[in-house]
Amino acid sequence: MNRLHEALAFCIRHQTILSCSIVSLLTAASEHIFSSVVFKCPCNSGNMLYGSSFLLAPAFILLLLGYMINARIWRLLTGRCSPEERLQGSPWGSCACFCQVLVPVTAKALVAPLTWIAVALLGANFYECAASGSSLSERLFCNGSKTNCREELFKIPCDVKLSTEISRKRLSLQAQSQVIGWFLIAGIMTLVLISKCVNHCCSPVSFLQLKFWKIYSKEERKRFEVKAKEHATKLAERNTNCFFEGTDPAPFHTPSKEDWQKISFLCNFNSQEQYYSMIHKYASDNRGKSTKFKGKGQESVFVDEAQAGESGF
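Letter 178 of the sequence shown, counting from 1, is numbered 177 in numbering that gives the first Met the number 0, and no numbers are missing.
Please note: incorrect hints may appear among the correct ones.
[What the hints assert, rightly or not] Below 20 Å or equal to it, Euclidean Cα-Cα: the simulated PhoX-like pairs (lysine-lysine) are:
(1) K39 x K226
(2) K226 x K256
(3) K107 x K233
[Claimed, not checked] Pairwise CB distance ranges (calculated):
(4) G45 x C201: 42 to 52 Å
(5) T105 x A56: 16 to 26 Å
(6) E244 x L63: 20 to 30 Å
It should be emphasised that the hints constitute simulated quantities derived from the structure, not laboratory data. Beta carbons: idealized from backbone N, C-alpha and C, even for Gly.
Go ahead and model the full structure; you've got the sequences and the hints to work with.
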């Protein structure tokens, strides 16, 4: 039982890395299935289009899915084009806020597409098919060769002996693909390391406080989901009882639209006012007061507090 708790604690501590690893493994498995079952290079003038489609189109689809399933970008976009928001907000502030959220969201959404491209390049099937139909490969392999070299180049993905013969004096298309794949992986890992170092160096808080911020954000989200469900259940029960029983609705306090707007802003850590989320700021500003927000109009550019939960430890 203790080992089970230790395993769960380990998964919770490293859930970002584990989630990226799971996404990468699933993407690699999907690429292997596509490459071995679905992909069939036509070995004609359509090689370039066919191979490029299998190499890049799934990666683009995975990128779009990465954006779609990320809640942070929907939190940022919801209500941004409403007339009230356009009158109140500054376009430059909104643009800066959007960029601050878009960068980490894009980094997370790129895990699956880059995994697809890297695994596909190491497998070499897609690249070999696409490159065999390109004019660059024709200049590389057919410069000063026989007239039917281009037609033979089209048939490389379908003929192993022909591929060996043509690539005898040059780096084969499969070898080119694998070299590009390894350089891509090395470049990605270097960028990840640099971004992690810059992220921690520019952190407004210390390492342990950042860890506390991460724990607080998780616990607050859990409590919010539970409390929101309880509140919605009670409100729905009151309204349905009023409808079916014909009784007057009992007084029931529920947050106003302005209250929801205040806790939906993105939060930035301030060394003078240490708020770990907008709910924390709302609770502190409304201590012993009505539901009015202290300092109305303080809609400065905020950084999503969910970013604290993805900083990595």
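Each hint tested on the structure:
no.	hint	in the structure
1	K39 x K226	violated, 53 Å
2	K226 x K256	holds, 18 Å
3	K107 x K233	violated, 37 Å
4	G45 x C201: 42 to 52 Å	holds, 49 Å
5	T105 x A56: 16 to 26 Å	holds, 19 Å
6	E244 x L63: 20 to 30 Å	violated, 48 Å
In summary, the structure is inconsistent with hints 1, 3 and 6 from the numbered list given earlier, while agreeing with the others.
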